[in-house]
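According to the numbering used here, the stretch in the sequence shown is residues 1 to 288, in order.
You may find that some hints are simply not true.
[Said to hold, decoys possible] Within a straight-line C-alpha distance of at most 27 Å, the following computed DSS-like cross-link-like pairs (lysine-lysine) qualify:
1) Lys261 to Lys91
2) Lys61 to Lys243
3) Lys196 to Lys107
[Stated by the list, open to error] Ranges of calculated distance between the beta carbons of each label pair, as one might list FRET restraints:
4) Pro190 to Phe224: 18 to 24 Å
5) Arg273 to Gly239: 15 to 21 Å
6) Asp70 to Val44: 46 to 52 Å
7) Lys283 to Arg250: 26 to 32 Å
8) Glu180 to Asp100: 37 to 43 Å
9) Ile206 to Lys107: 38 to 44 Å
10) Arg47 to Gln88: 56 to 62 Å
Treat the hints as calculated values from the structure; they're not laboratory data. Small disclaimer: the values here were computed from a predicted structure and weren't measured. Note that the Cβ used here is the ideal one computed from N, Cα and C, for glycine as well.
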Amino acid sequence: MIDRGQARSRRSRRRPGLGWCLWAYDKAKEHGPSAGHRCLAHLVQGRVCKILGQEEIKPHKVRYYLERRDAEFEQKMAEVLCVYREVQVLKKAAARSKKDKSKKSGKPVTIVSYDEKPGIQAIATTAPDLPPVPGIYPAFARDFEYRRHGTLSLLAGIDLLTGKVHALVKDRHRSGEFIEFLKLLDAAYPAGTTIKLDLDNHSAHISKETRAWLDARPVRRFEFTFTPKHGSWLNLIEGFFSKFARSVLRHIRVSSKHELKERIMAGIDDVNRHPVVHTWSYKLAEVA
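Taking the hints into account, I'd like the entire structure generated from these sequences.
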């Protein structure tokens, strides 16, 4: 059995990118002399690592980017930005109406940024966590092994005017679950309110079941604005998911999927106790 001190010392001896150094060294020794670089026959591994380090070449790391594969990307992005511009207008109108209560507001509108976060793992520990020991172990220690209990999907939308988060936690995120979320929104707002959703192009959002349910609702009860393909970063909910993953889901260990669901909803309730109104600013002046 390895104690915490041994585990820590083993980790400290690891060298990030060493595998790539060995690969480059082997290829240089194998093909260099035959390609006319005879000096490479005497190459040493340390020299390869030094060259890669000096030139800041890090082939063991990968940076991702999004290829624009939507021919109408700019047009669809402008539509999303117009929605965010409308949020600003509605906020200003609400502020003016508070000052001058005699002014009548128009048809009530709310705007919700929606998406799903699938594959949240319900992971259990196989041994108790070891608490920190002052002056010896500064952090919790956790056994490397774990037990899987399956995954859950978080369906969530942020009201961009109030900051309130509407959420459901389900085993999957098909049309049925999406319609259940729409019913949640339908019950949360007065009957005369138009609910506008920013969302991506997931099949559940445009399925026959979803369209049939929407057709049965009053006219203009729900209005959808879709982000362009490979443009989900335009959806404000993505920032919320990122923060939620870092603050609530990071290092989380549970005994069951039910416990994971309770922990997620407890995190949502905590957010709604002090809601944060999210604001979009990127390229917003272009649609002013």
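Consistency of beta-carbon spacing, Asp100 to Glu180, with hint 37 to 43 Å:
holds, 40 Å
Subject >> Supplied distance hint 26 to 32 Å, evaluated on CB atoms of Lys283 and Arg250 >> reply: Once the Cβ atoms are compared, 31 Å apart, the range 26 to 32 Å for Arg250 and Lys283 holds.
(message) For the hint 56 to 62 Å, verify it against the beta carbon of Arg47 and that of Gln88.
(response) holds, 58 Å
Exercise for the section: Would you check the hint for Lys61 and Lys243, treating anything up to 27 Å between C-alpha atoms as holding? Expected result: holds, 23 Å
- Do the beta carbons of Pro190 and Phe224 sit within 18 to 24 Å of each other? holds, 20 Å
Using the beta carbons of Ile206 and Lys107, state whether their distance is inside 38 to 44 Å or not.
Violated, since Ile206 and Lys107 (Cβ atoms, about 26 Å apart) do not stay within the stated range.
| How does the Cβ-Cβ distance of Arg273 and Gly239 compare with 15 to 21 Å: does it lie in that range? | At 19 Å between Cβs, range holds.
Satisfaction of hint between Lys91 and Lys261, Cα-Cα up to 27 Å
violated, 33 Å
- Task: For the pair supplied as a hint, Lys196 and Lys107, confirm whether the alpha-carbon distance does not exceed 27 Å.
- Result: holds, 13 Å
46 to 52 Å as the expected CB spacing between Val44 and Asp70, which holds or is violated
Given range 46 to 52 Å: holds, Cβ gap about 50 Å.
The earlier numbered hints that this structure contradicts are 1 and 9.
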